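Protein chains: 2
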Amino acid sequence: MSDYRFLKACWGEPVDRTPVWLMRQAGRYLPQYMAVRSKVSFLELCKTPELAAEVTIQPIDYLGADAAILFSDILTPVEPMGLKLDFAPGPVFESPVRTQADIDALRIPVMEEDVPYVLETIRILRREFEGRVPLIGFGGAPFTLACYMVEGKGSKDFAQIKRMMYSAPESYASLMEKITEMDRQYLNAQIAAGAQAIQIFDTWGGIVSPGDYEKYILPYTTKLIEGLNRTGVPIIHFVKGAGTMLDLVKRAGSDVVGLDWHIGLGKARNLLGTEVAVQGNLDPTILYAPPEHIEREVKRILDENDGRPGHIFNLGHGILPTVPPEHAKFMVECVQRLSAKG
Amino acid sequence: MSDYRFLKACWGEPVDRTPVWLMRQAGRYLPQYMAVRSKVSFLELCKTPELAAEVTIQPIDYLGADAAILFSDILTPVEPMGLKLDFAPGPVFESPVRTQADIDALRIPVMEEDVPYVLETIRILRREFEGRVPLIGFGGAPFTLACYMVEGKGSKDFAQIKRMMYSAPESYASLMEKITEMDRQYLNAQIAAGAQAIQIFDTWGGIVSPGDYEKYILPYTTKLIEGLNRTGVPIIHFVKGAGTMLDLVKRAGSDVVGLDWHIGLGKARNLLGTEVAVQGNLDPTILYAPPEHIEREVKRILDENDGRPGHIFNLGHGILPTVPPEHAKFMVECVQRLSAKG
Chain A
1 MSDYRFLKAC WGEPVDRTPV WLMRQAGRYL PQYMAVRSKV SFLELCKTPE LAAEVTIQPI
61 DYLGADAAIL FSDILTPVEP MGLKLDFAPG PVFESPVRTQ ADIDALRIPV MEEDVPYVLE
121 TIRILRREFE GRVPLIGFGG APFTLACYMV EGKGSKDFAQ IKRMMYSAPE SYASLMEKIT
181 EMDRQYLNAQ IAAGAQAIQI FDTWGGIVSP GDYEKYILPY TTKLIEGLNR TGVPIIHFVK
241 GAGTMLDLVK RAGSDVVGLD WHIGLGKARN LLGTEVAVQG NLDPTILYAP PEHIEREVKR
301 ILDENDGRPG HIFNLGHGIL PTVPPEHAKF MVECVQRLSA KG
Chain B
1 MSDYRFLKAC WGEPVDRTPV WLMRQAGRYL PQYMAVRSKV SFLELCKTPE LAAEVTIQPI
61 DYLGADAAIL FSDILTPVEP MGLKLDFAPG PVFESPVRTQ ADIDALRIPV MEEDVPYVLE
121 TIRILRREFE GRVPLIGFGG APFTLACYMV EGKGSKDFAQ IKRMMYSAPE SYASLMEKIT
181 EMDRQYLNAQ IAAGAQAIQI FDTWGGIVSP GDYEKYILPY TTKLIEGLNR TGVPIIHFVK
241 GAGTMLDLVK RAGSDVVGLD WHIGLGKARN LLGTEVAVQG NLDPTILYAP PEHIEREVKR
301 ILDENDGRPG HIFNLGHGIL PTVPPEHAKF MVECVQRLSA KG
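These protein sequence lines are chains A and B, in that order.
Per the UniProt record's numbering: the first sequence = residues 1 to 342.
Per the UniProt record's numbering: the second sequence = residues 1 to 342.
Keep in mind that the hints were calculated from the coordinates and are not lab data.
On a predicted model such as this, the values are computed, not experimentally measured, just so you know.
Worth double-checking, as some hints may not be accurate.
A pair holds if it fits inside one copy or across any two, identical chains being indistinguishable in the list.
As the list claims (entries may be wrong) - Calculated cross-link-like contacts (lysine to aspartate or glutamate; reagent style DMTMM-like; alpha-carbon spacing at most 20 angstroms):
| id | residue 1 | residue 2 |
| --- | --- | --- |
| 1 | K156 | E304 |
| 2 | K215 | D303 |
| 3 | K299 | E214 |
| 4 | K267 | D247 |
| 5 | K47 | E120 |
Let the hints inform the model, and build the full structure from the sequences given.
Shown next, in the form of structure tokens:
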């Protein structure tokens with residue numbers, strides 16, 4: 001299908017060396033990103049294809065990463081569902097979803113009309129990257145989107161979504177069904193526009209107990225993944241804080257399971273079995289360390305993988321804004337050098 | 001030694017029913033706490049034995065919990081090390097610890113002189129609770145205290161402590177040694193004053209990878225626990241976010257391992273073996289749910305324990321300030337009713 005080592009690794013095929021990219025590799029730690037960002041708001045940046053493409057390309061040029069990921073925000077397709085979005089600086093919805101009437105009022109966007117900039121960015125990037133690196137599209141998992149929509153903003157205790165989940169389970173289910181269908185159409189539109197892999201981010205999927213994950217979250221993520229036009233397009237599923245329930249995450253059916261740094265990669269692979277690939281899992285704060293420490297940690301993770309096919313190197317969460325960019329670049333070089341077949 | 005079912009369960013002895021208490025059971029969700037708190041600052045409350053004792057007693061009277069925990073703050077003994085502490089509203093140190101000179105300047109407090117109010121609160125409470133409930137003393141684990149001391153406040157990325165850990169490992173080690181010795185003296189002073197069990201809170205112990213936990217955190221917690229005058233006084237060790245590395249947490253040597261809600265209690269007990277007791281692990285947000293849902297979740301956790309001795313029921317983290325107090329009371333009743341031997 002493809003000679004890109006990133007895609008081969010997603011399929012569990014042998015590669016010449018371990019592919020590597022970084023979650024949030026287009027972002028604030030890069031001065032070249034800040035230069036673009038200083039001229040426009042975050043939302044304008046997401047909605048202007050030329051600029052979104054420009055910042056997507058930056059880390060490929062600078063880091064030499066083996067895959068690019070579309071620059072966007074997981075809440076981009078939620079706004080046209082009928083929720084006005086602001087960043088202050090975190091995402092804020094003016095009128096959060098709290099009642100069945102609020103849920104009924106949500107519409108499923110028409111992707112080519114409502115988020116054309118996302119699809120146009122993908123088209124620009126595919127032309128730009130042809131023969132160079134594959135392009136990953138992405139979206140939030142239904143639960144993580146629901147958290148933002150119901151809480152209205154980031155939360156420490158997630159009281160609102162939990163109240164809905166436990167006290168109004170039918171409303172919760174109808175909201176999750178609607179988001180799942182939106183997400184399915186959104187990610188399929190990205191695939192149609194040219195995304196060569198899809199990463200589903202479940203940033204908040206790990207806030208619940210394993211039992212509640214199985215009951216309230218897994219069915220929707222599973223349905224979403226089943227509904228994607230996946231032929232030739234691997235699906236990466238990353239649930240932050242899920243090291244204690246990787247068996248459940250695996251059941252969602254993705255091709256690749258993203259790992260945070262709270263579980264050893266070797267242990268995680270033993271639990272998951274080799275029929276699923278993994279992506280991860282360097283602690284993002286290791287990039288504060290001196291180069292020799294970074295190299296040691298990269299080596300440890302490669303050693304834990306122990307030559308098994310189906311490993312994409314990444315951080316265990318997004319790169320932090322205060323990390324020195326040259327440390328990120330050095331980390332990428334370490335992966336490429338240390339994993340190269342002799 | 002003692003007829004208190006809480007202490008028996010800590011030792012893994014059979015009990016008539018599962019003992020239960022709640023982390024942060026003296027706190028903002030209780031109107032009677034807010035009434036006291038409205039008259040004094042948080043620090044004044046911690047430093048006034050009569051008031052600290054009053055709020056410690058409140059949840060025993062209201063909830064009927066099987067153990068009381070001293071009302072205090074984990075940073076109380078850090079201030080007399082030489083760091084001015086404020087709450088705004090989270091804890092803030094004016095001059096965080098960043099250099100070897102900062103570390104060298106820290107002193108080990110003389111507990112009876114520097115934190116007499118903590119020890120006096122314990123003495124008041126022991127008289128008050130005699131024959132009723134046992135009293136748990138507590139402190140922060142060395143790493144969690146170090147995080148606050150180095151970051152100066154709560155943090156999302158823990159950049160400062162990580163920089164010290166990785167770039168100045170000798171400074172990091174000397175800081176941790178000093179905190180561990182302070183902690184040892186502080187907790188032994190609590191035991192001498194009458195604390196009948198000690199809980200060590202490692203709120204931030206789960207932010208690192210298992211490898212880094214083993215290298216940078218575990219040695220100090222182990223040394224602390226080894227240095228306590230534990231005869232007859234069980235040690236509870238709670239590391240938030242440690243479900244993927246309970247084998248390491250167990251090696252620190254406590255009598256009881258505290259569990260957050262991210263791992264099933266049955267799975268955790270299988271991993272830990274029955275020679276160590278466990279405490280936990282209801283998701284604190286379940287207390288937002290209607291009573292029938294709370295009861296179902298309590299039953300599930302008791303079922304997961306499956307009659308094994310050495311289980312103390314608790315939340316998986318502190319009770320949230322916006323929870324209805326009657327839900328907390330109902331949860332306690334459920335544990336007491338559902339676990340009673342027929």
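Looking back at the hints listed earlier, which ones does the structure fail to meet?
1
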